[in-house]
Each structure stands twice: as structure tokens, then as C-alpha cells.
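Got chain A; can you put chain B on it based on the hints?
Listed below are the residues making up each chain.
Number of protein chains: 2
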Amino acid sequence: MVGQSGGSTAVINQSLVGVIEAVDDCAAIGRLLGAHHGVRGIVQELFVNLKGFDRARLERVAATPCAALGSTRDKPNEEYCRRIFEVFRKNDVRYFFYIGGNDSADTARIVREMAKADSYDLRVFHIPKTIDNDLRVTDHCPGYGSAARFVALAVMGDDRDNASLTGLKIDVIMGRDAGWLTAASMLARSDESTGPHLIYVPEAIFDIGRFVDDVRAVYDRLGRCVIAVSEGIVCDEKMEVRKADGSVKLVDKPIAVKVAEEMHIDLERDDHGNVVLSKLPLGQFLADYIAERLGKNKPRIRADTFGYVQRSFPGCVSPVDAREARLVGRRAVQYALAGRTSGSVAIRRNEGARYGVSYFRAELADVAHQTKPLPKEYINAAANGINDSFLDYVAPLAGDLPPIGRLFD
Amino acid sequence: MVGQSGGSTAVINQSLVGVIEAVDDCAAIGRLLGAHHGVRGIVQELFVNLKGFDRARLERVAATPCAALGSTRDKPNEEYCRRIFEVFRKNDVRYFFYIGGNDSADTARIVREMAKADSYDLRVFHIPKTIDNDLRVTDHCPGYGSAARFVALAVMGDDRDNASLTGLKIDVIMGRDAGWLTAASMLARSDESTGPHLIYVPEAIFDIGRFVDDVRAVYDRLGRCVIAVSEGIVCDEKMEVRKADGSVKLVDKPIAVKVAEEMHIDLERDDHGNVVLSKLPLGQFLADYIAERLGKNKPRIRADTFGYVQRSFPGCVSPVDAREARLVGRRAVQYALAGRTSGSVAIRRNEGARYGVSYFRAELADVAHQTKPLPKEYINAAANGINDSFLDYVAPLAGDLPPIGRLFD
Numbered sequence: 140m141v142g143q144s145g146g147s148t149a150v151i152n153q154s155l156v157g158v159i160e161a162v163d164d165c166a167a168i169g170r171l172l173g174a175h176h177g178v179r180g181i182v183q184e185l186f187v188n189l190k191g192f193d194r195a196r197l198e199r200v201a202a203t204p205c206a207a208l209g210s211t212r213d214k215p216n217e218e219y220c221r222r223i224f225e226v227f228r229k230n231d232v233r234y235f236f237y238i239g240g241n242d243s244a245d246t247a248r249i250v251r252e253m254a255k256a257d258s259y260d261l262r263v264f265h266i267p268k269t270i271d272n273d274l275r276v277t278d279h280c281p282g283y284g285s286a287a288r289f290v291a292l293a294v295m296g297d298d299r300d301n302a303s304l305t306g307l308k309i310d311v312i313m314g315r316d317a318g319w320l321t322a323a324s325m326l327a328r329s330d331e332s333t334g335p336h337l338i339y340v341p342e343a344i345f346d347i348g349r350f351v352d353d354v355r356a357v358y359d360r361l362g363r364c365v366i367a368v369s370e371g372i373v374c375d376e377k378m379e380v381r382k383a384d385g386s387v388k389l390v391d392k393p394i395a396v397k398v399a400e401e402m403h404i405d406l407e408r409d410d411h412g413n414v415v416l417s418k419l420p421l422g423q424f425l426a427d428y429i430a431e432r433l434g435k436n437k438p439r440i441r442a443d444t445f446g447y448v449q450r451s452f453p454g455c456v457s458p459v460d461a462r463e464a465r466l467v468g469r470r471a472v473q474y475a476l477a478g479r480t481s482g483s484v485a486i487r488r489n490e491g492a493r494y495g496v497s498y499f500r501a502e503l504a505d506v507a508h509q510t511k512p513l514p515k516e517y518i519n520a521a522a523n524g525i526n527d528s529f530l531d532y533v534a535p536l537a538g539d540l541p542p543i544g545r546l547f548d
Numbered sequence: 140m141v142g143q144s145g146g147s148t149a150v151i152n153q154s155l156v157g158v159i160e161a162v163d164d165c166a167a168i169g170r171l172l173g174a175h176h177g178v179r180g181i182v183q184e185l186f187v188n189l190k191g192f193d194r195a196r197l198e199r200v201a202a203t204p205c206a207a208l209g210s211t212r213d214k215p216n217e218e219y220c221r222r223i224f225e226v227f228r229k230n231d232v233r234y235f236f237y238i239g240g241n242d243s244a245d246t247a248r249i250v251r252e253m254a255k256a257d258s259y260d261l262r263v264f265h266i267p268k269t270i271d272n273d274l275r276v277t278d279h280c281p282g283y284g285s286a287a288r289f290v291a292l293a294v295m296g297d298d299r300d301n302a303s304l305t306g307l308k309i310d311v312i313m314g315r316d317a318g319w320l321t322a323a324s325m326l327a328r329s330d331e332s333t334g335p336h337l338i339y340v341p342e343a344i345f346d347i348g349r350f351v352d353d354v355r356a357v358y359d360r361l362g363r364c365v366i367a368v369s370e371g372i373v374c375d376e377k378m379e380v381r382k383a384d385g386s387v388k389l390v391d392k393p394i395a396v397k398v399a400e401e402m403h404i405d406l407e408r409d410d411h412g413n414v415v416l417s418k419l420p421l422g423q424f425l426a427d428y429i430a431e432r433l434g435k436n437k438p439r440i441r442a443d444t445f446g447y448v449q450r451s452f453p454g455c456v457s458p459v460d461a462r463e464a465r466l467v468g469r470r471a472v473q474y475a476l477a478g479r480t481s482g483s484v485a486i487r488r489n490e491g492a493r494y495g496v497s498y499f500r501a502e503l504a505d506v507a508h509q510t511k512p513l514p515k516e517y518i519n520a521a522a523n524g525i526n527d528s529f530l531d532y533v534a535p536l537a538g539d540l541p542p543i544g545r546l547f548d
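Protein sequence lines, in the order shown, are assigned to chains A and B.
All residue numbers for the first sequence refer to the working numbering, where the first residue is 140 and numbers rise by one.
All residue numbers for the second sequence refer to the working numbering, where the first residue is 140 and numbers rise by one.
These aren't lab readings, by the way, just hints derived from the structure by calculation.
It is possible that some hints are incorrect.
Identical copies go unnamed one by one, so any copy, or any two together, can satisfy a pair.
Said to hold, decoys possible - In silico lysine to aspartate or glutamate, DMTMM-like type, Cα no more than 25 Å apart, as pairs:
hint, residue 1, residue 2
1, K397, D427
2, K397, E407
3, K435, E160
4, K392, D193
5, K214, D505
6, K437, D409
7, K437, D384
8, K435, D213
9, K435, E331
10, K377, D231
11, K397, E502
12, K435, D384
In isolation and in its complexed conformation, chain A is listed as follows (with noise of 0.2 Å):
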């Protein structure tokens, strides 16, 4: 059984084609199911088979965004994983890959705790996908690198946009956690002169006060500032969100939510009761913020969010990206044919200054639950920038940027 789950990446596709492709290497095994919308497929039996599936189409498939299959976002509680065992043992499914994020890596995990429990033999495998990097244990996560370079590219435009109109820009970039797509927008920047001026991450607490000084810097220095954003970017106050459990913890208060609060706008909230934060008009708050304290003479200010094209967008993906998307399916098949193993598939990245490589398996209950954010290392002393040893970190995942020509240095 083969599943895709979660948000959309560019290269979600390689992952299932490396699984699909592996498995038809393998004369032992019949049947591939592929589940229709992850979990909700697999409980619902709504499977295809995907063995000895037309290669020419399958490429096809790799090289088109999101999920193929189908995608959900139901987070399995015990009783859904139940569900999901009786299916496989009812099915005779004797080896499960679900691509996704850590979430997926959990019911991966639970589903295979029961497996156990129940002496039957199923081998477990999660396949890593996000555009937010924040799984543990690997260097990095297929689908992050697209996005990276979709947020490069389009930060590249929109720092030539203001330079050639100037005034302020804000780009609103995904992650609602983890930094680690906003700081991409590093790879746009070329030389002192040239955008992001400004890059923020929820990893760091946003003081707005000092935001407007920032940006009063900047825009007296060059006359022009592009600033980016995490839509997740939090205050020093807290509020509470609900787990699918049902349990409640604190966290750090979203900008977005506290503007909202104080412009006293409804808030949605998803199925556990969180604020769906993409409805939520960060980026035009602190526009209109910034344009109150500057003032009568406060230059064109505009605001923009990057919104799905940043998963979705077919038109640049990573190759190296690509490639390990790719590998990554494949590993988890040749993984759980190799030994009576379960496990996440995870990458280290070579020593050297050349970027290559490795795959290794990680355990399951590393990768579940727990996110990785944005080492504290690469944010800047003063919480409103990027340091560039992040950029040997990102250039390479993104692959090569075209270079921006300017009339003068």
C-alpha cells in the first residue's frame, strides 16, 4: 500500500513513481495498492493497483505537482489507525509507505505498533515530503527545495518590482512554524543594495515596534525596502491551541491573530479549533501598521501573499529536489525489502564542499510528532535578518538562480 498525505509539494509525485518503480523490481510482491486520498482512502478501500503501471505516464506524473493519489488532511486517531490495520490485514498489505510529513510519520508509527502488537508482519515506511524542512532526524525534506526556489525567484522579481518603482513591499511566505521557506528568500539577495531587506521567522520573536524601526532604516538608506515575512511570526504573549487529541497547549501568540483580535475580525478555525492563519490578512495589517507611523510622507506601500503557487507551481522546480524525491521512494521500498524493518527514509548530507548526499533509515518515533525549526544560528543578532552561512545550507537544494542583471552596480 502507497499513500500520499498532507500539503502539496512540487515533487510529491517523484516520491510515489520511486516507490512504484521499486516495487516493480521486485517480482515478489503482486500488488501495488495506491490509496486514493491517503488514510481516508485506505479505510474507505478505495485503492488502485499500480503495478507494472505505463512508464511513460508515471514520468509524466513525477514531473507534475501534488499529490497524484490524492491527499488528505485527516490525522488518524487510534481508533482510524485501527481501521487502517484491519484494512491491511483484510487486504493481506504487507508493506505500507506514506508519504508526508510528521504526522504521517505518526500513524505510520501507531499503525505499525498495532501491527506488532498483533504479530503480523507489516514493514512501516515514511517517506519524507514538506515545503516547511521541519522534519527531525534529515538534512532536509524533498519538496522544500522547489518551494525554496519558487521563493527565491519571486522575491528576485519583487526586489526588481520595488526597485524600479520603490516604496515598501511585504511578501508574506508559508510556515506557520518553522522559518525555513522565508529564509530562502536570502537566495534573492545579491549584494547590500538588494531585497529582502528584511526577512522574519516565527522562530524569533516579532516586536513590532522595532519592525517599524527597521524598516524606517532601511527606507532612509535606500529609499526602498522588500521585506519577508512568516506567515506563522509570533509575539511575547501566548494563546492556546487544541491537538487532534483533544489536549491543549500554549504557544506563542501569532502576529496575525493579535492584529486580528485588535481589529476584531471573526476568526476561522479548522476541525481542532486552530485559526486557519492563511485567511488571516497578515501581510496588509502591517502595511497599513507601517503606513500609520510614517506617516504623511509614507511612500507606496504594498503587500503581498505568496499563497499555494509556492507547493504548486510547475514551472521551477528543483532538480536536485527532483532527483531526491525521487530516491527517497525508492529507499523506502529497497529499505523494507532488505530486513524486517519499519522506519523513515532520511538524508545526511556529504562533508566537502561539493553537495552530495546519503540516505540512511531513521526510526519512525525520531521523525513523528516533534518539528525541527530554524536553528537559532542562522537568524541575525538583531532578529530581522538571515546570517549567510544559511545560504551554504539552501543554495544547493534550490539549485542555480538566473542572474539579475542591473544597468550600475
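Just chain B now, kept in the frame of chain A:
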């Protein structure tokens, strides 16, 4: 003198480099003054000599989006044009090339009339540029093809995202008065099941009740729906718009404005007192409106506003667009050198199945002022989609698009 004006495009520097190249080919012209930020740089006498500029650098500039000389939103009145003309006279400027939209054509026209009245030999050429594709006379405008390509790819990816996670998705696309760019989203559709399933342009009255019915019908059929709307879609009410010369005209009221009024949102206005549409949450409003009507069993509903990335993204320039943008720049210089004429460079599409164009000189007065809406014949009878005949028009301009791979048709 050469200058760039108005909103960015991905190929506006191709036209600039076309002008520079063609001037370099002419020994009789000693200097080519590039004005910083268009007419604003002219009256401030901020220009730089571009004659004999480094060619390799120029090629990098040509491949970089957004006005390398800097652009401006200034729409000169008679007095402003007088100052431009005085600067020309003072600096012995005999040719003026202005890259921009219909307002720039009008500036060119006024300055040229002044020169004529004073018997000052000045040849003025407008070089067309706009992602809106709304200039008259020419078959299409440089800048449009690349923006159309971006929109097609973005909606193509978004449709795959929507197929993967289902629900309703609304994409707001640039186009205050003209639906050309929104119509280009049609390029993303590969068959009856793929999106965009509904397309709304400003040229057809938007009836919000019918909109809900349209969405419901698609959702009932497919379990999902991707909707492309122009930012400038209008209802059947009127509102006042103030022009640069202070005169007022009545126009159809944008849906976004109607919504903002109903929701008591303060409207930001530009220097002419007109509402800044880009700040209104049209997509979110439509999403909220639909959610309320679909009630308890409403699907997941999301909205994105593509924003400035449509006009500035460096990653997916249309090759045809880049080539034509270069050539309209060269033609402008060639026409000006060939005779004592002024005008605007226009593109004529060749007859026959294979795409090809020729260039010709249009009168400035025919391009200035008025714009060219999307012809009614391209809009379907239900006013919720675009006819297939439009694909013949737009496909060659956007260039080849990657095929969408699906596991099953």
C-alpha cells in the same frame, strides 16, 4: 532619450535593450540618454548615457524583469509635458522613446504636439508594454505573454492542488479593467475535469447570486472547483472615477468595492482619488460569501491573490514574448531614423496556422487614452468562462506549457 513607465513586466528590459542596440547601430546618434524613473527623471534631469554600453551586461539586463532604468506612476499633465519638452530642447534631444502603456502613449503624443507647435524637430515613439494586454491597434502587447504564462502555470499547479485536497479555490488575477490576463488561465485546462472551472472577467457583469449557482453546479459535478477571477470584476451599479485631469466619469462598480462598502472597510485611494483595488480582499470576500451560502456541509474554501509575482517573476518568461519585446524596441528606433515620423510600434499577427508576426507604425493618438477590452466573442454565453477560440489567440504568446500527468484520465 529613452525611458520606462508604469507597472513592471518580465520583458520590459528587452525593449530597453532593443532601443540601445538599434541606437548603437546608428553612428549619427552620439548619445542615448536613459531617464531614471521615466518622465520623473526627465524633468529632474536625472539621466545617464547608454550609448556603447557593455553588451554582455545588457544581455543580463534584458533577461531581468522590471524596469532597469526605474519606472514611474506619474501621468504628466500639459504643464508637466511642457517641462519635459523644455528639458529636451535644453539637451538637444531629437528622439524620444517611451516604453509603457496607453498613458505613456498619451504623454508621448502631447510632447510631440508641443514640439510640432514650436517647429522643433522631435520624433517620438511609444513602445508598447503591459501585462494587461489592453492597448489598441496592436494584436497583443509585449509583457502579456510572460504574465499569461505565469498565470497559466500557477492555475495549472493550483488545479492539481485542488484535485489533491478537493474543496473550492478562488484565484484573483491582475486586471483592473481588462480580462485578458484572467482569460489566459484557460491555458491551464486540459479537459472537462480540470480547472479553472469558472472564469470571471471585468468585461461581463458579475452577478453574485449566479456565481453561487455556478460554483454549486461545478462542485456537485466534480466535488471541487477552481475559480479564476479578475481583480476588477464589476457589478451592475456605478461609481465615480477621477481622472488625472480632474474630470470625473461614472464606471461600473468593482465587486471588491461593493463588498468593502458592505463590510465598512476604509478604502485606500491613489493620488487621483481612485480606490486602490489591489488592497481589497476580493478573494477572501468571495470565499466567505460562498461559505455562508453553502452552509454546514461546506467544503474547504481557500482564496489566493496572485499579486505582483504575475508581472515580475523571473523564472518563466515566454520566449516569444522576450523576442517580440526586443524587436518592438529596435523597430521604434528604426522607424524614427527612417523618416520624420512619430508613432507607436504595433504588432500584426500573420494569417495562417503557424504563428508569426510583423511590425508596423501606429498613430500615437490611436493608442493613447482608450484601452482594448477582451472582446465579447471570447466570453461564453453564461459569462462564467472563456471560449476555446481564445486559446488560438493566447497559446502562441505564452509558449509551450508542460504536460499535466495524471494516473488516470
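Exercise. Against which earlier hints does the structure fall short, listed by number upward?
Worked result: 3, 4, 9, 10 and 11
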